[in-house]
Structures are given as structure tokens and as C-alpha cells.
Amino acid sequence: MNLEELKKLKEKAQRQVALRDGNKKYRVVFSMGTSGIAAGAREIMTTMLDEIDKRGLDDVEVAVTGEIGLVDAEPMIRIEEANGEKVTYARVNAADARKIVTEHLEKGKVVEGLAVGKVKE
Amino acid sequence: MKRTHILVCTGTGCTSCGSFQTRDALLTELQKNGLSNEIDVVETGCMGRCDLGPVALVHPEGTFYKNVLAPDVPKLVEEHFLKGRPFQKLLPTDPQTQNVIQTQADFTFFNRQLRIVRDNCGVIDPEKIEEYIARDGYLALGKVLTEMKPEQVIEEIKASGLRGRGGAGFPTGRKWELMRQAPVSPKYVVCNADEGDPGAFMNRSVLEGDPHSVLEGMAIGAYAMGANRGFIYIRAEYGLAVKRLHIAIEQAYKAELLGKNLFGTGFDFDLEVRIGAGAFVCGEETALMRSVEGRRGQPQPRPPFPAQRGLWGKPTNINNVETWATIRPLILKGAKWFSSIGTEKTKGTKVFCLAGKINNTGVAELPFGTTLREMIFEVGGGVPNGKKFKAVQTGGPSGGVIPEQFLDTPVEYETLQKLGSIMGSGGMVVVDEDSCMVDFARFFMEFCCDESCGKCPPCRVGTRQMLNILNRICAGDGELDDIQKLEDLAAMVKDTSLCGLGQTAPNPVLTTLKYFRHEYEAHIIDKQCPARVCRDLLHFEIDEPLCKGCSLCARACPVQTIGRIGTLKKFEIHEEKCIHCGACFEVCRFDAVKKTSPGMLVTA
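Chains as they are written, first to last, in this note's numbering: chain A, 2 to 122; chain B, 10 to 613.
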């Protein structure tokens with residue numbers, strides 16, 4: 002192995018363990034209560050994880066939480082940015098999920114048609 | 010991609026309390042709940058909190074769980090991974106404030122540490138070379154081989170101020186330079202992983218948690234010193250570490266990070282593991298080399314030093330596990346960075362093992378210059394059960410004890426030596442008020458006496474004679490001149506023994522005599538053991554008004570010397586047959602059994 006090969010191997014391997022470093026720019030929180038799961042939140046999350054992986058975004062972490070009460074609007078996703086900005090998306094389907102990854106998480110643009118709330122703390 | 014990694018500690022401490030079962034239960038339970046494709050279970054090396062095992066760390070939240078046993082796993086998976094909230098039952102509490110600790114970052118034990126050597130321990134899977142590479146693994150070796158000349162590497166090590174972590178604290182750069190200058194070839198490098206001190210497990214934690222860091226350090230050293238072959242000498246008792254070393258070596262060979270023509274530079278390095286047969290003395294470098302050669306492990310007089318005539322008569326460099334593991338971060342971040350940590354005389358960090366009467370038992374890495382008080386009371390969380398701190402023994406069986414008045418001493422090689430103790434491997438055994446210092450010294454003298462290889466009489470006969478005197482004192486048969494005899498023998502053994510084992514064996518006796526002489530005098534003159542430990546100096550009796558007549562003590566007594574008082578319901582101990590074992594004292598629930606030593610007030 003030469004140094005170049007080692008560095009390439011490192012880049013590839015880094016994504017496997019990046020999760021353990023903490024301090025990510027984005028934290029994607031899935032509402033995973035009974036109503037969320039019934040509305041398909043779990044599948045949406047798998048889709049989203051897949052898309053994040055495909056795009057090689059390693060500044061993102063994914064978490065689950067209980068429901069916030071707006072049962073009708075499930076599946077809901079909240080994206081928290083390290084600077085305190087929080088955007089909530091409602092009634093997300095698989096295509097939306099991929100769009101949120103490419104637009105919001107990759108380019109930093111809020112997907113306007115889907116976002117239902119935006120707060121900055 | 011996975012959203013969560015559950016890191017399960019699979020160091021020896023946690024596996025012995027069932028972390029492999031925990032891992033299996035986690036895998037089954039995640040599968041059952043359909044979470045396997047979003048959550049990974051990772052086996053890591055030692056995280057450092059061995060007393061809370063099996064421990065697990067959940068990323069990205071950083072939630073730290075203690076005592077994660079298989080039966081609790083279904084509930085844990087349901088709470089944390091399905092519902093997304095921490096499982097309260099398995100969260101640790103702070104021993105001093107009694108607050109529940111939510112994440113690893115809030116844990117004083119962890120956030121007080123500075124992890125350089127153990128940076129990867131408990132973070133990566135030690136059996137996967139990719140995870141090591143992901144965290145800059147083998148980059149230091151690549152840098153050294155492609156960008157630096159051997160002399161430059163040695164200059165870097167010298168500039169960093171790194172000193173050997175095996176105990177003596179000899180400057181590593183200087184040692185490497187001497188070896189480089191030796192005109193003979195071939196040369197060998199050796200890793201001393203024969204960690205034998207009772208209460209020391211820092212090397213094991215590195216070998217189990219991050220074996221590649223040792224391999225990489227050795228390859229760098231070999232390049233700098235002009236060696237092409239290395240040996241890791243490890244004790245057979247470290248089964249898991251041996252297994253992980255073998256896996257690591259195999260993976261490194263496969264990835265061409267060991268073997269011929271590394272990084273295309275023409276540098277060859279071969280490494281093999283040699284397993285020791287369990288003799289304490291083989292941690293001594295000359296004995297270690299004989300053992301590597303397949304001969305009986307006995308020390309040789311020095312000079313010649315190993316750098317002149319070592320393995321098979323050729324120049325050999327021996328460094329401790331921790332020294333080798335320090336090389337990689339030092340090369341990556343530079344000598345300047347390294348020398349900014351620690352004290353004037355001693356740079357960098359040291360891995361300490363906190364053991365004995367201490368709340369947070371485990372492995373902690375701290376910069377040199379940290380005081381004993383910070384180590385024991387902040388990182389270690391103090392002495393459990395409200396007991397009073399009495400002393401701390403540093404540096405293993407041949408280290409000395411340090412009493413309370415020196416707790417503010419910053420820890421480094423010279424300061425400990427000044428107090429009559431040693432740094433040794435970095436063991437810290439805390440002793441509380443319930444321990445008898447004479448008995449303590451006797452225990453360690455017995456260890457050294459057992460482990461003496463027998464080659465030189467001062468150690469073989471001297472330690473035996475010292476042990477005989479200590480046994481006599483503990484049995485209440487001590488004589489007035491025994492203290493003088495102990496001191497004379499200690500000086501003789503220290504000055505005339507062939508190797509470090511004998512030269513340091515009297516340390517526990519000398520320091521206890523220095524700081525706790527009154528306890529020796531109490532044993533000899535008053536036939537009293539102030540800590541109420543030495544059996545032959547104890548007296549047990551039952552306080553009649555407190556006795557409820559439950560008969561627990563009578564049933565626990567192995568010599569049936571506890572009986573009812575006449576026709577009363579209450580019990581009494583018949584002194585003549587009593588063997589002072591303390592079984593009755595342990596079982597009594599009403600504090601009715603009293604343990605005393607002559608001349609002492611009767612207390613509970």
C-alpha cells in the first residue's frame with residue numbers, strides 16, 4: 002500500500018465512524034410515536050438514510066423522538082441546525098424525503114412547499 | 010447508512026461480566042423490532058469504567074449505560090431505540106452528587122481526562138483495521154517512511170521530551186539514539202507487554218482496544234533505529250489481548266502495512282507475538298529477552314545494556330506498550346504539541362489504573378502534573394461508603410504508599426520518588442481506614458517473595474526474611490528490634506539485588522515504616538491492630554443487650570464456638586475455640602457482635 006491508497010481508504014472508512022464524532026451541523030429528528038409509525042415514518046427514515054448515504058453527507062445525524070401532538074400532519078421531520086435554526090416538515094413522503102436531503106441537507110435551502118414551521122432559538 | 014451506533018465494551022473487564030451476551034441480546038432484539046438496518050452494534054475496547062460493566066455507549070446522543078446485562082436489553086431497545094428516550098434504569102449516577110448522568114460528556118470521570126494514547130479505545134472496533142485507518146491509522150508510519158529520515162524521527166522524539174512509560178522514565182529519544190548508533194546488525198525492537206502488577210491493567214486496555222497503535226509505533230521505531238524485526242512479549246493471561254494482537258498483525262500484513270517494502274520505500278518490518286509463561290520477573294528487560302529467546306526468564310547484570318547486547322547478542326530496544334502507542338499521535342501532531350502537555354520534566358499523559366477503595370474504578374488518562382487529590386477525589390470520585398482515605402499506593406507491588414498529607418503532590422517520576430514511591434506502570438491502589446498498613450506491606454512482600462526468580466540471594470533470601478518478620482508482627486509475635494531488622498534488611502535488599510524486582514521490593518515496607526510507623530509499634534508493643542484486620546490480634550464478643558437471639562452468628566461460625574448463654578435466648582462466643590475469622594461479625598444484623606483489638610475501646 003502506498004500513502005495515496007491509504008488516504009483513499011481512510012476517506013472511505015471515515016464515513017463508517019463519522020457518526021461517533023458528534024457535533025454535526027444537522028440533526029434530523031423523526032417523530033416516531035404510534036401515529037408517526039402508522040403513517041410510515043419508519044420507511045421514510047430508511048429512505049432518507051439511504052439518500053444521505055448515497056450523497057455522502059457526513060455532517061448529519063438522525064434521531065427519533067415521540068410525537069408532538071399534531072397527529073394529522075404525520076410523518077413529521079424536524080431538522081435542527083447547529084446554529085439553533087429548526088425547520089419542521091409535515092406529511093413527508095418518500096420523494097419529499099429525498100428532496101429534503103438534496104435541498105436542505107446538501108445545499109442548505111429550506112424546501113418551502115413542505116416546511117410548516119421555522120423557528121430560530 | 011445507520012442512524013445509531015451502539016458501542017458495547019468488549020474489554021476483559023466487561024466481557025467477564027457478560028458483554029458478549031449483551032451484544033447477542035442487542036442484535037436479536039434489534040432484529041425483532043425491525044431496527045437492524047438503522048442501528049449498528051459495534052464491539053469496542055475498554056472504555057475505562059470497568060466497575061460499571063458491561064458498559065455501552067450510544068452514538069450520536071452520547072448516552073452512557075452501565076450494567077447492561079442481557080435480561081435488560083429488550084426494555085432498553087424498546088425505550089431508547091424504539092421510543093427514542095434514555096432508559097433511566099441503566100443510567101449511571103455521580104458518586105458524589107447522586108445526580109443521574111445522561112451523557113458521557115457530563116461524566117466527570119470522562120471529561121476530566123485527556124486522551125492521547127487511549128484516544129481510540131472504546132471508540133473503534135479493535136478487530137477492524139478500517140476503523141483504525143478511519144481515525145488516521147498508519148498515517149504516521151506513512152509520513153515517517155516517505156518524508157522523514159531516521160535521524161529526523163529520533164530528533165522529533167527527543168524534542169518531544171517523551172520518557173519511557175514502563176516505570177523508570179528514561180528519555181525515549183535518547184534510548185533510540187543509542188540503539189541507532191550501535192554499529193551491529195541485525196537489530197531488534199521489542200514491546201514489553203508483560204504487565205504483571207496487581208491492580209494494573211492499562212497496557213491490557215490499550216492492547217485490547219487499539220492494538221494497531223502499538224504495531225504502528227513499533228514500525229516507526231524500527232525504521233528510526235534501523236531494525237527490521239520486532240517482538241511483542243505478552244503474558245499468556247491476557248487471552249483477549251493476544252487474540253486481538255494476532256488479528257491486528259494479520260490484517261496489517263494483508264494491507265501491506267507490515268512486511269516487505271512498506272509504502273514502496275524498501276523498508277521491511279516483520280512483527281511477531283511471543284507469549285510469556287506468567288512470571289512477574291519477565292517484565293524486567295533482561296529476563297524478558299531471555300524468555301523471548303526461549304530460555305528461562307532470569308535477569309542478567311547490566312551493562313551490557315540491551316542496546317549494546319540484547320536478543321541473540323544483537324542490539325535491542327525494549328519499550329513499554331504505552332510508550333509505543335504514544336509514538337503515533339506524537340508524530341502526527343508534532344513534538345511541539347506533545348511537549349506543551351504535562352510538566353517541566355515530564356511531558357505528555359499517562360494512563361493510570363484506579364483501583365482499591367475508590368468509587369470510580371477503572372482506567373483514566375491524565376496529563377503529568379495532575380495531583381493525587383484530583384486523581385482520587387475528582388476523577389476517581391473519592392472513597393466509597395463514607396470511609397476515610399488513608400493512603401494510596403502508586404506503582405504496583407514494589408511501589409510505596411503515600412499518606413494523606415501529600416495528596417496535593419503533582420504526579421510525575423521525580424515527585425513520587427521523593428516520597429519514597431515510584432511511578433511504575435501507573436497503578437493507583439487506594440487504601441481506606443479499614444486497611445492495616447502492616448498487613449498491606451506484608452501482602453506485597455509476599456507477592457515479591459513469591460515472584461523472586463531466585464537467581465540472586467539478596468532478593469531470594471532477603472524478601473523471605475522480611476516476610477517472616479512481617480508475618481510475625483501480624484501474628485502478634487513481633488519483637489522490639491523487628492523494626493530495626495526490617496530497615497536493615499530493606500536497605501540490603503534494595504542495594505544489592507540484581508534487578509528491579511529486588512531493588513524495589515522493600516518499598517512498601519519502607520514507606521509504611523516511614524508514614525505509618527505507629528501501626529507497626531501498636532502491633533509489636535500493644536499487640537493491637539488499629540485497623541482491626543490482623544486476625545491473631547482480634548477479639549470478638551457479643552454485646553448481650555443488643556443480641557436478639559436470631560442465631561445467625563452461631564450458624565455462620567465455622568468452628569461452632571458460639572452457643573446460647575445458659576438457658577437464655579441470647580448467644581455468647583466461647584473464646585478458647587474462636588479462630589477470629591470474623592464470620593459472626595459479618596452476618597450480625599444488629600451490630601451485636603463486637604470486633605476489638607487489645608487496648609481499644611469497644612466499637613461496632
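Please note that a few of the clues may not be correct.
[Said to hold, decoys possible] When the alpha-carbon atoms are kept at most 27 Å apart in a straight line, the in silico DSS-like pairs for lysine-lysine are as follows:
#, chain 1, residue 1, chain 2, residue 2
1, B, K92, A, K13
2, A, K8, B, K604
3, B, K342, A, K55
4, A, K11, B, K11
5, B, K252, A, K11
6, B, K152, A, K11
7, A, K8, B, K342
8, B, K158, B, K11
9, B, K11, A, K110
10, B, K503, B, K557
11, B, K396, B, K92
12, A, K11, B, K269
13, A, K25, B, K604
14, B, K604, B, K586
15, B, K503, B, K464
16, A, K8, B, K464
17, A, K87, B, K92
18, A, K9, B, K152
19, A, K26, B, K586
20, A, K100, B, K11
21, B, K323, B, K167
22, B, K263, A, K9
23, A, K13, B, K586
24, A, K11, B, K342
25, B, K342, A, K9
26, B, K586, B, K603
27, B, K263, A, K11
28, B, K536, B, K464
29, B, K152, A, K8
30, B, K342, A, K25
31, B, K11, A, K87
32, B, K342, A, K26
Simulated from the structure, these hints should not be mistaken for laboratory data.
Satisfaction of hint between K342 (chain B) and K8 (chain A), Cα-Cα up to 27 Å:
OK: K8 (chain A) and K342 (chain B) at ~17 Å, within 27 Å.
Under the criterion that the straight-line Cα-Cα distance not exceed 27 Å, is the pair K263 (chain B), K11 (chain A) satisfied?
Holds: K263 (chain B) and K11 (chain A) sit about 16 Å apart, inside 27 Å.
Holds or violated: are the alpha carbons of K9 (chain A) and K152 (chain B) at most 27 Å from each other?
15 Å, holds
Holds or violated: K503 (chain B) and K464 (chain B), Cα atoms, limit 27 Å.
15 Å, holds
Are the Cα atoms of K342 (chain B) and K9 (chain A) separated by 27 Å or less?
Distance of about 21 Å is within 27 Å: holds.
Holds or violated: K263 (chain B) with K9 (chain A), Cα cutoff 27 Å?
17 Å, holds
Between K158 (chain B) and K11 (chain B), is the straight-line Cα distance small enough, at 27 Å or below?
43 Å, violated
Pair hint outcome, K152 (chain B) versus K8 (chain A) [Cα-Cα no greater than 27 Å]:
11 Å, holds
Is K11 (chain A) close enough to K11 (chain B), meaning Cα to Cα at most 27 Å?
19 Å, holds
Does the alpha-carbon distance linking K8 (chain A) and K464 (chain B) stay inside the 27 Å limit?
Judged against 27 Å, a Cα distance of about 52 Å means the pair is violated.
Regarding the pair K26 (chain A) and K586 (chain B), is the alpha-carbon distance no greater than 27 Å?
74 Å, violated
Does the structure keep K13 (chain A) and K586 (chain B) at a Cα separation of 27 Å or less?
73 Å, violated
Going through the hint list in order, the structure does not satisfy hints 1, 2, 3, 8, 10, 11, 13, 16, 19, 23 and 28.
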